[in-house]
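Residue numbers (the numbering used here), protein chains in the order written: chain A, 1 to 195; chain B, 196 to 537; chain C, 538 to 995.
I should point out that these hints are in silico values taken from the structure, not numbers from a laboratory.
Small disclaimer: the values here were computed from a predicted structure and weren't measured.
For each residue, glycine too, the CB sits at the ideal point set by N, CA and C.
Among the hints, a few may not be true.
[Claimed, not checked] Here are the simulated distance ranges between beta carbons:
| id | chain 1 | residue 1 | chain 2 | residue 2 | range |
| --- | --- | --- | --- | --- | --- |
| 1 | B | 419 | A | 17 | 36 to 42 Å |
| 2 | B | 433 | A | 102 | 53 to 59 Å |
| 3 | A | 36 | B | 473 | 52 to 58 Å |
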Amino acid sequence: MTVPASESGIHKRVVLAEADIDRALTRIAHEILEANKGSRDLVLLGIPRRGFPLARRLAQKIAAVDESVDPDLITGQLDVTMYRDDLRRNPTRSPLATQLPPSGIDDKVVVLVDDVLYSGRTIRAALDALADLGRPRIVRLAVLVDRGHRELPIRADHVGKNLPTSSRERVRVHLAEIDLIGGSAVNEVVIEDRL
Amino acid sequence: MKHLLSTQDLSARNALRLLDVAEEMAAVGEREIKKLPALRGRTVVNLFFEDSTRTRISFEAAAKRLSADVINFAAKGSSVSKGESLKDTAQTLEAMSADAVVIRHPASGAPARLAASGWIDAAVVNAGDGTHEHPTQALLDAFTLRRHWAQLGGSPSAGSTLAGMKVLIVGDVLHSRVARSNVWLLTTLGAEVLLAGPPTLLPVGVASWPCTVYYNLDDALAQRPDAVMMLRLQAERMNAAFFPSTREYSRRWGFDDGRLALLDTMGLDDTVIMHPGPMNRGLEISSAAADSPRSTVLAQVRNGVSVRMATLYLLLSGDQHDEPDDDLQDLQPATTPEGRTP
Amino acid sequence: MTTNTSESTHYPEYLIRGASILGGAKQDLLVRGGIIAAVGPAAAEDASEGAVTLEADGLVALPGMVDLHTHLREPGREDAETVETGSRAAALGGFTAVHAMANSSPVADTAGVVEQVYRLGLASGWVEVRPVGAVTVGLGGERLAELGAMAESRASVRVFSDDGICVSDPVLMRRALEYVKAFDGVIAQHAQEPRLTEGAQMNEGEVSAVLGLTGWPAVAEESIIARDVLLAQHVGSRLHVCHVSTAGSVEIIRWAKARGIDVTAEVTPHHLLLTDELVRSYDPVYKVNPPLRTSDDVHALRAALADGTIDVVGTDHAPHPSEHKECEWAQAAMGMTGLETALSVVQHTMVETGLLDWEGFARVTSTTPARIGRLEHQGRPLAAGEPANLILVDPAARWTVDPSTMATKGRNSPFRGLELPGSVRATFYGGHPTVLDGRLATPRPAAPIAEGAQAWNT
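Next up, chain A with everything else stripped away, as it sits in the complex (with noise of 0.2 Å):
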């Protein structure tokens, strides 16, 4: 699976394509089932960007095991913009909207979405922000891709695939719903490292 280095001086590697992505999501839809002994309360928040789209294609498979799911009423997004610790480090980034399900998420098992987990910062922010809005039951974590260097005590719940990397490299987590390559929408997960 090894691709030859792009004209940019970059060495890709992809390491799930679309349908490793796809067998991956069905794997942790079944897994949130089992945890959650059902599909009660649950409400599935992304992490923007492609933690929001991760998000909706778990409930779609969700509904598809559990009839009684309405996909779009247990889907949210949840924007962690305003929590981070690096805001000052970097370029100033606009906030991205906040939208939870009509059920609201006090008292609801909510489980956070994300494409990487790597230091676990995201995630801290996630869990203030989440604070600030209510009150869940339960929080979990699923991730497509856990790449390892955490810098928190946070661990996922559901892991679509851990991948040893080493720091230096890029993960980098391709969606339809977002990324065009090349003209066309493509899902994969590559990982990128400098020559």
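Fit chains B and C to the given chain A structure using the hints.
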């Protein structure tokens, strides 16, 4: 963006970004916990050389909702030259490690002076300078107009412009910082701006502005504006031979009950009436107009906090470089914790 | 330029070799005993053994510049400038005479004050300091000051002005114009209609409309000039218009001169170069009265100076302590320094644009201002037997304006950071070099060193 000094030098991109961020801030204002930690540990100084409780508390609420520490510095007295100079004041604030200075000043250009002087390193926000500009007032007006315009068009306001909208600004344009800031900002956002007022209260040089000028309010209303913004008539103009009497002013340029009825007659059901406040009821605007469903006066006040939160957030949160396009940002290392390379 | 020292210290003699006189042919000049002793081949022949030789190859010799409009601030505002510091700046800028405006504190409205300023000038010895007398008591615009007493004082005042304030009362202006005829004086009017300029901050136009600064309309200057030229015609008097700043004023003066009215007009270097666009920075270094105008005005002023409608360049050198400029625009003082940049700005705007040659430069900076101020020993031709008030200028030099290095106390130069042409290499005041090698040399001794100089010092 390092400072917010005027809307004339605000690009369409930055203006839209401010308004879009303000939309998110407005959503926070509707939550039970109306506080964000974004500016924790930062200090915002409200430096007011002119009394304006409304503007000051709006900025204060905005800073506090973002968890910034707020210091209110009211420099009393009408003349700044008495006592401490602007330079000394600025250096005092610098010594107190102010991260942002929100300045209201009777002299046009005082915020620009503060920003360019090197006396202080903080971000400078113009909260109204003399007869020059009042950019956050124009931003909250634009925010209010954009929500109205987007609602009429059935689209979300975030990301949208004022293209196709016709806004009439009426009154003492010569002495109005609100009018100046609105002319530049609303045209930048794509609106068509009309001005109406007595010729004595329109500046020499107005012909070079990107708007049409009317001396007769009813001629201007005949252009079917989507919004009518009435400017406050300052008491000190009333005795300076700009017009014969307040009665005559009110008859010719006031938004009275007759003109309110005219909007209905003309079928302008969606035209809103704006006023930056405080209003002289019965002078530039009748009570019926101010209290009518067309009036956006209270929405303007509410939106003021969101727009000022967006301003403080965008000036203080980053490392002073503009955010690159999203895709570019993804390609850059060290932009997010999850993608960070050491 | 090299200097050979001479053993003769009491009667130094200077042989200037190969200077281009008024931009013309290269000639030698011999300066001795306060006068130009010889010009041309005779200079070297007449020079004594111990004469100091100045190699002036590539330099232009010009008559020392005469400023009709300088604010020396003494007495009263010695923190802003003194006669000593201001006249040092003048010498470095190529001047051999300056007129010290009357708005000091106390106002120069009595023989006592003008004599004080005059004596300070003599004591400094860098340039000839001629006090301007106030037209009205305390610049109050109500009663005529004792114009005759000032004219007859040791300062022998000939130029009278309330500069900074317009003599706006038409009757008072008429009386002043008439009265000074008795001693060949001239009224130098600061043309500014006061009611039209209440609270005025900058030129009224497109820029003021955007900046929200109270406008100073051109008509406030033009209406006063129109009135004054008609008054001058009616009473047959001599009128001088200070710092003309608008294209409309030029038209009125042109019309007046065509009618034979005895009017002269002045323009400042800054009005020949800068426009109100600079005010967009709100930097008070650009705040001046009359204000910077538009590009159209600048070009009209240049054309008028070239065709003689405007007669002279006057600096309106107005130093201010830094705290009067380090503040908000509206609180800031009006005025700019100008003595040390005048030559360069006029070279840049008038000579290098081809509007004036060096002869024309000498006319507008020396000959005509000396004639208007009735300074008999200034602005003279560079010829044998004439008083040695002259400068050597390197027109090829380029320099960047740095106000912190100037001799004036004022740091408020609007030309800060600009690269300008032309530099004054030497200034001879009454035969004595006050500037050599582009640097201050020594002041001319207070006690006259030669009879030729003594004659015109009194």
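Verification of the supplied hints:
1. Distance hint check for residue 419 (chain B) and residue 17 (chain A): the Cβ-Cβ separation is about 58 Å, which falls outside the suggested range of 36 to 42 Å.
2. Restraint check, residue 433 (chain B) to residue 102 (chain A): a C-beta distance of roughly 54 Å satisfies the suggested window 53 to 59 Å.
3. For residue 36 (chain A) and residue 473 (chain B), the Cβ-Cβ distance of about 56 Å falls inside the hinted range of 52 to 58 Å, so the restraint holds.
Violated hint for the displayed structure: number 1, the only one.
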